[in-house]
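For the sequence shown, our numbering assigns the number 6 to the initial residue and increments by one for each residue that follows.
Among these hints, one or two may not hold up.
Unchecked claim - Below, in silico cross-link-like pairs of lysine-lysine (BS3-like), each with a Cα-Cα straight-line distance of 27 Å or less:
#, residue 1, residue 2
1, Lys196, Lys151
2, Lys165, Lys73
3, Lys165, Lys134
4, Lys166, Lys151
5, Lys85, Lys134
6, Lys134, Lys151
7, Lys73, Lys166
8, Lys165, Lys151
9, Lys73, Lys85
10, Lys151, Lys208
11, Lys134, Lys208
12, Lys166, Lys196
Just so you know, the hints here were simulated from the structure itself, not pulled from any lab data.
Please read all numbers here as calculations on a predicted model, not as lab measurements.
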Amino acid sequence: MPRGKAPKSKSTEPSQQTLDFTAIMVDGALKKASYSVSEITAMLEDAIDEHPTLGGTMVVQGELSNVKRSSRGHVYFTLKDEEASIGGILWASTANRLTFDLEDGLEVYLTGRLEIYRPSGSYSIVGSKMEPVGVGALQLAFQQIKARLEAEGLFMEEFKKPIPEFPERIGIITSSTGAVIHDMLRVIRRKNPLVDVLLAPVKVQGEGAALEIAQAILELNEPQYNLDVIIVARGGGSFEDLFCFSEEVAVRMVFESRIPIITGIGHEPDYSLCDAAADYSASTPTAAADWAVPDIQLLIENHSVLARDLLENMAELILYYEQTLDHSATRLIETHESCLDSCGHKLEQRSERLQSQFNLYFQKQEQRLGEAAAVLDAYNPLATMARGYGITTDARLNVIRSIRQVQPGDALTVRVQDGEIACQVQDTKPI
6 MPRGKAPKSK
16 STEPSQQTLD
26 FTAIMVDGAL
36 KKASYSVSEI
46 TAMLEDAIDE
56 HPTLGGTMVV
66 QGELSNVKRS
76 SRGHVYFTLK
86 DEEASIGGIL
96 WASTANRLTF
106 DLEDGLEVYL
116 TGRLEIYRPS
126 GSYSIVGSKM
136 EPVGVGALQL
146 AFQQIKARLE
156 AEGLFMEEFK
166 KPIPEFPERI
176 GIITSSTGAV
186 IHDMLRVIRR
196 KNPLVDVLLA
206 PVKVQGEGAA
216 LEIAQAILEL
226 NEPQYNLDVI
236 IVARGGGSFE
246 DLFCFSEEVA
256 VRMVFESRIP
266 IITGIGHEPD
276 YSLCDAAADY
286 SASTPTAAAD
296 WAVPDIQLLI
306 ENHSVLARDL
316 LENMAELILY
326 YEQTLDHSAT
336 RLIETHESCL
346 DSCGHKLEQR
356 SERLQSQFNL
366 YFQKQEQRLG
376 EAAAVLDAYN
386 PLATMARGYG
396 ITTDARLNVI
406 RSIRQVQPGD
416 ALTVRVQDGE
426 IACQVQDTKP
436 I
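All chains, please: the whole structure from these sequences, using the hints.
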(Lines of atoms letter the chains of each structure in order from A and count residues from 1; the text may use other names and numbers.)
(Lines give C-alpha, C1' and ligand atoms only; values in the text may rest on other atoms or scores of the structure.)
Protein backbone atom coordinates (compact mmCIF):
# COMPACT_ATOMS: atom_id res chain seq x y z
CA MET A 1 0.00 0.00 0.00
CA PRO A 2 1.49 3.18 -1.02
CA ARG A 3 2.25 5.47 1.87
CA GLY A 4 -0.17 8.24 2.35
CA LYS A 5 -3.10 6.57 0.58
CA ALA A 6 -6.15 5.30 2.41
CA PRO A 7 -7.26 1.67 1.88
CA LYS A 8 -10.18 1.12 -0.41
CA SER A 9 -13.41 -0.06 1.09
CA LYS A 10 -14.52 -3.56 0.31
CA SER A 11 -18.12 -2.48 -0.02
CA THR A 12 -19.53 0.05 -2.41
CA GLU A 13 -22.34 0.93 0.06
CA PRO A 14 -21.80 3.93 2.25
CA SER A 15 -20.71 3.34 5.78
CA GLN A 16 -23.34 3.54 8.50
CA GLN A 17 -20.90 5.66 10.53
CA THR A 18 -21.58 9.51 10.33
CA LEU A 19 -18.89 11.30 8.39
CA ASP A 20 -17.20 14.23 10.17
CA PHE A 21 -16.95 17.29 7.89
CA THR A 22 -16.33 19.89 10.65
CA ALA A 23 -12.55 19.93 10.19
CA ILE A 24 -10.06 19.00 7.53
CA MET A 25 -6.34 19.20 7.16
CA VAL A 26 -5.15 21.62 4.48
CA ASP A 27 -1.41 22.01 3.99
CA GLY A 28 -0.90 20.60 7.42
CA ALA A 29 -3.20 23.15 9.12
CA LEU A 30 -6.51 22.43 10.72
CA LYS A 31 -9.35 24.25 8.94
CA LYS A 32 -13.03 24.21 9.85
CA ALA A 33 -15.54 23.38 7.16
CA SER A 34 -17.96 26.16 8.41
CA TYR A 35 -17.78 29.26 10.62
CA SER A 36 -20.28 31.24 12.59
CA VAL A 37 -20.91 34.87 11.82
CA SER A 38 -19.37 35.84 15.14
CA GLU A 39 -16.24 33.85 14.32
CA ILE A 40 -15.86 35.55 10.93
CA THR A 41 -16.37 38.96 12.57
CA ALA A 42 -13.84 38.13 15.27
CA MET A 43 -11.30 37.02 12.64
CA LEU A 44 -11.83 40.24 10.71
CA GLU A 45 -11.30 42.26 13.89
CA ASP A 46 -8.12 40.31 14.59
CA ALA A 47 -6.96 40.75 11.02
CA ILE A 48 -7.57 44.50 11.19
CA ASP A 49 -5.86 44.81 14.56
CA GLU A 50 -2.80 42.89 13.32
CA HIS A 51 -2.56 44.78 10.02
CA PRO A 52 0.25 47.36 10.08
CA THR A 53 -1.95 50.06 8.51
CA LEU A 54 -5.53 49.10 9.32
CA GLY A 55 -4.71 48.25 12.91
CA GLY A 56 -3.58 51.72 13.89
CA THR A 57 -4.63 55.33 13.57
CA MET A 58 -4.87 56.41 9.94
CA VAL A 59 -5.68 59.52 7.96
CA VAL A 60 -8.30 59.10 5.23
CA GLN A 61 -9.14 61.71 2.63
CA GLY A 62 -12.65 61.88 1.18
CA GLU A 63 -15.82 63.84 0.57
CA LEU A 64 -18.50 64.09 3.24
CA SER A 65 -22.07 63.03 2.45
CA ASN A 66 -25.18 62.08 4.44
CA VAL A 67 -23.99 64.15 7.41
CA LYS A 68 -26.36 63.71 10.35
CA ARG A 69 -26.13 64.77 13.98
CA SER A 70 -27.94 62.75 16.63
CA SER A 71 -29.84 64.18 19.57
CA ARG A 72 -26.87 63.26 21.80
CA GLY A 73 -24.44 65.25 19.65
CA HIS A 74 -22.78 62.36 17.77
CA VAL A 75 -22.16 62.95 14.06
CA TYR A 76 -22.64 60.16 11.50
CA PHE A 77 -21.56 60.53 7.89
CA THR A 78 -20.27 58.78 4.79
CA LEU A 79 -16.76 59.39 3.53
CA LYS A 80 -16.46 58.72 -0.18
CA ASP A 81 -14.37 59.13 -3.30
CA GLU A 82 -15.12 58.36 -6.93
CA GLU A 83 -15.02 54.59 -6.49
CA ALA A 84 -15.88 53.69 -2.89
CA SER A 85 -17.40 54.90 0.38
CA ILE A 86 -17.05 54.13 4.06
CA GLY A 87 -19.08 55.09 7.09
CA GLY A 88 -17.68 57.47 9.66
CA ILE A 89 -18.50 58.52 13.21
CA LEU A 90 -17.47 61.47 15.36
CA TRP A 91 -18.52 61.07 18.96
CA ALA A 92 -20.01 64.19 20.57
CA SER A 93 -16.84 64.92 22.55
CA THR A 94 -14.87 65.11 19.30
CA ALA A 95 -17.57 66.83 17.21
CA ASN A 96 -17.99 69.62 19.76
CA ARG A 97 -14.33 70.56 19.40
CA LEU A 98 -14.66 71.27 15.68
CA THR A 99 -14.47 74.95 14.78
CA PHE A 100 -16.22 74.56 11.41
CA ASP A 101 -19.56 73.13 10.32
CA LEU A 102 -19.76 69.70 8.68
CA GLU A 103 -21.73 69.74 5.46
CA ASP A 104 -22.25 67.49 2.47
CA GLY A 105 -19.66 67.95 -0.27
CA LEU A 106 -16.89 69.14 2.05
CA GLU A 107 -13.49 67.52 1.33
CA VAL A 108 -11.77 66.54 4.59
CA TYR A 109 -8.90 64.66 6.16
CA LEU A 110 -10.33 62.26 8.77
CA THR A 111 -8.00 60.88 11.43
CA GLY A 112 -9.27 57.79 13.22
CA ARG A 113 -9.33 54.03 13.67
CA LEU A 114 -11.17 51.38 11.65
CA GLU A 115 -13.73 49.54 13.76
CA ILE A 116 -16.30 46.81 13.05
CA TYR A 117 -19.81 47.07 14.46
CA ARG A 118 -20.66 43.42 15.25
CA PRO A 119 -24.49 43.63 15.28
CA SER A 120 -24.62 44.78 11.66
CA GLY A 121 -21.28 43.45 10.49
CA SER A 122 -20.44 46.90 9.06
CA TYR A 123 -17.18 48.68 9.45
CA SER A 124 -16.57 52.40 9.84
CA ILE A 125 -13.92 54.87 10.88
CA VAL A 126 -14.30 56.37 14.32
CA GLY A 127 -12.65 59.77 13.99
CA SER A 128 -10.57 61.55 16.55
CA LYS A 129 -9.76 64.58 14.37
CA MET A 130 -11.04 66.19 11.18
CA GLU A 131 -9.62 68.97 9.06
CA PRO A 132 -10.80 70.47 5.77
CA VAL A 133 -8.70 69.83 2.67
CA GLY A 134 -7.03 72.87 1.08
CA VAL A 135 -7.93 75.37 3.83
CA GLY A 136 -7.36 75.54 7.57
CA ALA A 137 -10.16 74.58 9.92
CA LEU A 138 -10.32 78.05 11.47
CA GLN A 139 -10.29 79.72 8.08
CA LEU A 140 -13.15 77.51 6.92
CA ALA A 141 -15.08 78.21 10.12
CA PHE A 142 -14.46 81.94 9.58
CA GLN A 143 -15.85 81.73 6.04
CA GLN A 144 -18.88 79.70 7.12
CA ILE A 145 -19.76 82.03 10.00
CA LYS A 146 -19.24 85.12 7.83
CA ALA A 147 -21.48 83.76 5.06
CA ARG A 148 -24.22 82.81 7.53
CA LEU A 149 -24.25 86.11 9.42
CA GLU A 150 -23.86 88.19 6.28
CA ALA A 151 -26.94 86.50 4.85
CA GLU A 152 -28.83 87.52 8.02
CA GLY A 153 -27.80 91.17 7.54
CA LEU A 154 -25.61 91.54 10.64
CA PHE A 155 -22.98 93.52 8.74
CA MET A 156 -25.32 95.97 6.95
CA GLU A 157 -24.64 99.69 7.39
CA GLU A 158 -28.31 100.49 7.99
CA PHE A 159 -28.22 98.67 11.35
CA LYS A 160 -25.17 100.51 12.72
CA LYS A 161 -25.83 102.90 15.59
CA PRO A 162 -24.29 106.40 15.73
CA ILE A 163 -21.36 106.92 18.09
CA PRO A 164 -22.11 109.67 20.67
CA GLU A 165 -19.96 112.78 20.20
CA PHE A 166 -19.48 113.52 23.90
CA PRO A 167 -19.57 110.29 25.93
CA GLU A 168 -19.42 110.58 29.71
CA ARG A 169 -18.98 106.88 30.57
CA ILE A 170 -17.12 104.31 28.47
CA GLY A 171 -16.96 100.55 28.98
CA ILE A 172 -13.84 98.68 27.82
CA ILE A 173 -13.84 94.92 27.23
CA THR A 174 -10.31 93.55 27.05
CA SER A 175 -7.67 91.75 29.07
CA SER A 176 -6.86 93.34 32.41
CA THR A 177 -3.16 92.54 31.91
CA GLY A 178 -0.83 93.64 29.16
CA ALA A 179 -0.11 96.94 27.49
CA VAL A 180 -3.42 97.35 25.65
CA ILE A 181 -5.53 98.60 28.56
CA HIS A 182 -2.75 100.89 29.80
CA ASP A 183 -2.27 102.43 26.35
CA MET A 184 -6.02 102.99 25.99
CA LEU A 185 -6.34 104.59 29.44
CA ARG A 186 -3.37 106.85 28.70
CA VAL A 187 -5.03 108.06 25.48
CA ILE A 188 -8.37 108.64 27.23
CA ARG A 189 -6.83 110.48 30.19
CA ARG A 190 -4.74 112.66 27.88
CA LYS A 191 -7.66 113.61 25.67
CA ASN A 192 -10.41 113.94 28.26
CA PRO A 193 -9.79 113.18 31.96
CA LEU A 194 -13.45 113.89 32.74
CA VAL A 195 -14.61 110.66 31.06
CA ASP A 196 -15.37 107.73 33.38
CA VAL A 197 -14.02 104.31 32.31
CA LEU A 198 -15.39 100.91 33.36
CA LEU A 199 -13.21 97.86 32.61
CA ALA A 200 -14.73 94.41 32.01
CA PRO A 201 -11.72 92.02 32.05
CA VAL A 202 -12.02 88.96 29.77
CA LYS A 203 -9.93 86.34 28.04
CA VAL A 204 -8.97 87.57 24.59
CA GLN A 205 -7.86 84.29 23.03
CA GLY A 206 -8.30 80.57 23.41
CA GLU A 207 -11.18 78.35 24.37
CA GLY A 208 -14.04 80.10 26.13
CA ALA A 209 -12.83 83.60 25.22
CA ALA A 210 -15.69 84.30 22.80
CA LEU A 211 -18.28 83.39 25.43
CA GLU A 212 -16.62 85.68 28.00
CA ILE A 213 -16.62 88.54 25.50
CA ALA A 214 -20.32 87.99 24.74
CA GLN A 215 -21.22 87.83 28.42
CA ALA A 216 -19.26 91.04 29.11
CA ILE A 217 -21.16 92.89 26.34
CA LEU A 218 -24.46 91.64 27.75
CA GLU A 219 -23.47 92.72 31.26
CA LEU A 220 -22.34 96.22 30.25
CA ASN A 221 -25.66 96.79 28.49
CA GLU A 222 -27.39 96.74 31.88
CA PRO A 223 -28.95 100.17 32.69
CA GLN A 224 -27.21 100.52 36.05
CA TYR A 225 -23.85 101.08 34.33
CA ASN A 226 -25.24 104.01 32.32
CA LEU A 227 -22.64 103.65 29.57
CA ASP A 228 -22.59 105.76 26.41
CA VAL A 229 -20.28 103.54 24.34
CA ILE A 230 -18.43 100.19 24.64
CA ILE A 231 -14.95 99.42 23.26
CA VAL A 232 -13.99 95.80 22.50
CA ALA A 233 -10.22 95.62 22.14
CA ARG A 234 -7.22 93.32 21.84
CA GLY A 235 -3.62 93.72 20.75
CA GLY A 236 -2.12 92.11 17.66
CA GLY A 237 -1.82 88.36 17.13
CA SER A 238 -2.12 85.52 14.68
CA PHE A 239 -5.34 84.57 12.94
CA GLU A 240 -5.78 81.77 15.46
CA ASP A 241 -5.23 84.16 18.39
CA LEU A 242 -7.87 86.57 17.09
CA PHE A 243 -10.39 83.91 16.06
CA CYS A 244 -12.44 84.27 19.25
CA PHE A 245 -13.52 87.69 17.95
CA SER A 246 -15.02 85.94 14.90
CA GLU A 247 -16.94 83.25 16.76
CA GLU A 248 -20.67 83.48 16.29
CA VAL A 249 -21.64 84.02 19.93
CA ALA A 250 -19.41 87.12 20.20
CA VAL A 251 -20.36 88.55 16.80
CA ARG A 252 -24.09 88.23 17.48
CA MET A 253 -23.76 89.96 20.83
CA VAL A 254 -21.86 92.86 19.22
CA PHE A 255 -24.72 93.25 16.74
CA GLU A 256 -27.46 92.97 19.39
CA SER A 257 -25.86 95.45 21.82
CA ARG A 258 -28.15 98.33 22.73
CA ILE A 259 -25.12 100.52 23.38
CA PRO A 260 -22.92 101.51 20.37
CA ILE A 261 -19.77 99.39 20.10
CA ILE A 262 -16.34 100.38 18.80
CA THR A 263 -13.83 97.61 18.08
CA GLY A 264 -10.06 97.89 18.15
CA ILE A 265 -8.87 94.34 17.49
CA GLY A 266 -5.31 93.63 16.39
CA HIS A 267 -3.49 95.93 13.99
CA GLU A 268 -4.30 97.46 10.60
CA PRO A 269 -4.22 94.26 8.48
CA ASP A 270 -6.13 92.20 11.07
CA TYR A 271 -9.83 91.66 10.54
CA SER A 272 -12.48 89.93 12.63
CA LEU A 273 -16.21 89.46 12.25
CA CYS A 274 -16.75 91.54 15.39
CA ASP A 275 -15.19 94.41 13.40
CA ALA A 276 -17.76 93.84 10.65
CA ALA A 277 -20.69 93.81 13.10
CA ALA A 278 -19.49 96.76 15.22
CA ASP A 279 -20.88 100.26 14.84
CA TYR A 280 -17.35 101.53 14.20
CA SER A 281 -14.13 99.57 13.65
CA ALA A 282 -10.79 101.18 14.50
CA SER A 283 -7.42 99.92 13.25
CA THR A 284 -5.92 99.43 16.75
CA PRO A 285 -7.04 99.56 20.40
CA THR A 286 -5.47 103.00 20.91
CA ALA A 287 -7.16 104.23 17.72
CA ALA A 288 -10.47 102.99 19.14
CA ALA A 289 -9.89 104.92 22.38
CA ASP A 290 -8.84 107.98 20.40
CA TRP A 291 -11.99 107.80 18.25
CA ALA A 292 -14.35 107.31 21.20
CA VAL A 293 -13.18 110.31 23.25
CA PRO A 294 -13.20 113.94 22.09
CA ASP A 295 -10.11 116.06 22.80
CA ILE A 296 -11.09 118.38 25.65
CA GLN A 297 -8.36 120.90 24.79
CA LEU A 298 -9.59 121.06 21.24
CA LEU A 299 -13.13 121.44 22.55
CA ILE A 300 -12.04 124.38 24.70
CA GLU A 301 -10.31 126.03 21.75
CA ASN A 302 -13.32 125.43 19.55
CA HIS A 303 -15.52 126.79 22.31
CA SER A 304 -13.47 129.99 22.46
CA VAL A 305 -13.65 130.40 18.70
CA LEU A 306 -17.38 129.70 18.73
CA ALA A 307 -17.92 132.14 21.60
CA ARG A 308 -16.03 134.87 19.73
CA ASP A 309 -17.93 134.13 16.55
CA LEU A 310 -21.17 134.13 18.51
CA LEU A 311 -20.43 137.56 20.01
CA GLU A 312 -19.53 138.95 16.60
CA ASN A 313 -22.66 137.48 15.09
CA MET A 314 -24.74 138.85 17.94
CA ALA A 315 -23.25 142.34 17.45
CA GLU A 316 -23.98 142.15 13.73
CA LEU A 317 -27.48 140.94 14.42
CA ILE A 318 -28.11 143.72 16.95
CA LEU A 319 -26.89 146.34 14.46
CA TYR A 320 -28.97 144.77 11.73
CA TYR A 321 -32.09 144.72 13.88
CA GLU A 322 -31.46 148.31 15.03
CA GLN A 323 -31.30 149.43 11.42
CA THR A 324 -34.30 147.31 10.60
CA LEU A 325 -36.17 148.77 13.58
CA ASP A 326 -35.32 152.36 12.56
CA HIS A 327 -36.38 151.68 9.01
CA SER A 328 -39.54 149.97 10.20
CA ALA A 329 -40.31 152.83 12.62
CA THR A 330 -39.85 155.43 9.84
CA ARG A 331 -42.08 153.43 7.56
CA LEU A 332 -44.58 152.99 10.37
CA ILE A 333 -44.70 156.76 11.06
CA GLU A 334 -45.02 157.52 7.37
CA THR A 335 -47.70 154.92 7.02
CA HIS A 336 -49.44 156.24 10.14
CA GLU A 337 -49.39 159.84 8.89
CA SER A 338 -50.63 158.77 5.51
CA CYS A 339 -53.32 156.74 7.18
CA LEU A 340 -54.28 159.73 9.39
CA ASP A 341 -54.46 162.01 6.35
CA SER A 342 -56.56 159.51 4.50
CA CYS A 343 -58.78 158.95 7.52
CA GLY A 344 -59.12 162.75 8.08
CA HIS A 345 -60.13 163.27 4.46
CA LYS A 346 -62.60 160.44 4.66
CA LEU A 347 -63.93 161.80 7.98
CA GLU A 348 -64.39 165.25 6.47
CA GLN A 349 -66.23 163.80 3.50
CA ARG A 350 -68.41 161.74 5.74
CA SER A 351 -69.02 164.72 8.06
CA GLU A 352 -70.14 166.83 5.10
CA ARG A 353 -72.30 164.01 3.86
CA LEU A 354 -73.74 163.54 7.36
CA GLN A 355 -74.35 167.29 7.79
CA SER A 356 -76.13 167.38 4.46
CA GLN A 357 -78.23 164.42 5.52
CA PHE A 358 -78.96 166.08 8.89
CA ASN A 359 -80.02 169.36 7.17
CA LEU A 360 -82.27 167.47 4.83
CA TYR A 361 -83.68 165.52 7.76
CA PHE A 362 -84.28 168.67 9.82
CA GLN A 363 -85.97 170.38 6.86
CA LYS A 364 -88.28 167.45 6.48
CA GLN A 365 -88.96 167.39 10.21
CA GLU A 366 -89.57 171.17 10.26
CA GLN A 367 -92.00 170.82 7.40
CA ARG A 368 -93.78 167.99 9.14
CA LEU A 369 -93.80 170.01 12.38
CA GLY A 370 -95.36 172.98 10.59
CA GLU A 371 -98.00 170.78 9.14
CA ALA A 372 -98.66 169.21 12.54
CA ALA A 373 -98.83 172.68 14.15
CA ALA A 374 -101.38 173.80 11.58
CA VAL A 375 -103.46 170.76 12.33
CA LEU A 376 -103.02 171.36 16.05
CA ASP A 377 -104.04 175.01 15.70
CA ALA A 378 -107.15 173.92 13.87
CA TYR A 379 -108.12 171.80 16.86
CA ASN A 380 -106.75 174.15 19.59
CA PRO A 381 -109.51 175.13 22.07
CA LEU A 382 -107.71 178.37 22.81
CA ALA A 383 -108.27 179.46 19.25
CA THR A 384 -111.93 178.62 19.66
CA MET A 385 -112.10 180.64 22.85
CA ALA A 386 -110.48 183.55 21.04
CA ARG A 387 -113.54 183.61 18.86
CA GLY A 388 -115.80 184.18 21.97
CA TYR A 389 -116.31 180.67 23.18
CA GLY A 390 -115.63 179.35 26.71
CA ILE A 391 -115.32 176.05 28.55
CA THR A 392 -117.52 175.42 31.57
CA THR A 393 -116.48 172.95 34.29
CA ASP A 394 -117.91 171.98 37.63
CA ALA A 395 -116.09 171.73 40.91
CA ARG A 396 -114.59 168.37 39.87
CA LEU A 397 -113.34 169.90 36.62
CA ASN A 398 -115.85 167.93 34.60
CA VAL A 399 -116.62 169.72 31.35
CA ILE A 400 -120.30 170.68 31.28
CA ARG A 401 -121.77 169.71 27.95
CA SER A 402 -125.47 169.50 28.96
CA ILE A 403 -127.89 171.16 31.35
CA ARG A 404 -128.58 167.74 32.72
CA GLN A 405 -125.14 167.77 34.35
CA VAL A 406 -125.99 170.68 36.71
CA GLN A 407 -128.56 171.68 39.29
CA PRO A 408 -129.56 175.14 40.43
CA GLY A 409 -127.07 176.31 43.04
CA ASP A 410 -124.07 174.38 41.57
CA ALA A 411 -120.87 176.38 41.39
CA LEU A 412 -119.33 176.43 37.94
CA THR A 413 -116.23 177.88 36.34
CA VAL A 414 -116.22 179.31 32.82
CA ARG A 415 -112.81 179.57 31.16
CA VAL A 416 -112.54 182.22 28.48
CA GLN A 417 -109.60 183.46 26.43
CA ASP A 418 -108.06 185.67 29.08
CA GLY A 419 -109.23 184.05 32.35
CA GLU A 420 -111.87 182.24 34.35
CA ILE A 421 -115.35 183.33 35.51
CA ALA A 422 -116.80 181.85 38.72
CA CYS A 423 -120.58 181.61 38.62
CA GLN A 424 -123.52 179.78 40.22
CA VAL A 425 -126.41 178.07 38.42
CA GLN A 426 -129.63 179.94 38.98
CA ASP A 427 -131.76 178.02 36.60
CA THR A 428 -131.62 175.81 33.50
CA LYS A 429 -133.56 176.15 30.29
CA PRO A 430 -133.54 173.50 27.58
CA ILE A 431 -133.22 174.60 24.00
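Evaluated hints:
{"no.": "1", "hint": "Lys196 - Lys151", "result": "violated (36 Å)"}
{"no.": "2", "hint": "Lys165 - Lys73", "result": "violated (37 Å)"}
{"no.": "3", "hint": "Lys165 - Lys134", "result": "violated (39 Å)"}
{"no.": "4", "hint": "Lys166 - Lys151", "result": "holds (20 Å)"}
{"no.": "5", "hint": "Lys85 - Lys134", "result": "holds (17 Å)"}
{"no.": "6", "hint": "Lys134 - Lys151", "result": "holds (24 Å)"}
{"no.": "7", "hint": "Lys73 - Lys166", "result": "violated (40 Å)"}
{"no.": "8", "hint": "Lys165 - Lys151", "result": "holds (17 Å)"}
{"no.": "9", "hint": "Lys73 - Lys85", "result": "holds (15 Å)"}
{"no.": "10", "hint": "Lys151 - Lys208", "result": "holds (22 Å)"}
{"no.": "11", "hint": "Lys134 - Lys208", "result": "holds (26 Å)"}
{"no.": "12", "hint": "Lys166 - Lys196", "result": "holds (23 Å)"}
The structure is inconsistent with the numbered hints 1, 2, 3, 7, although it conforms to all the rest.
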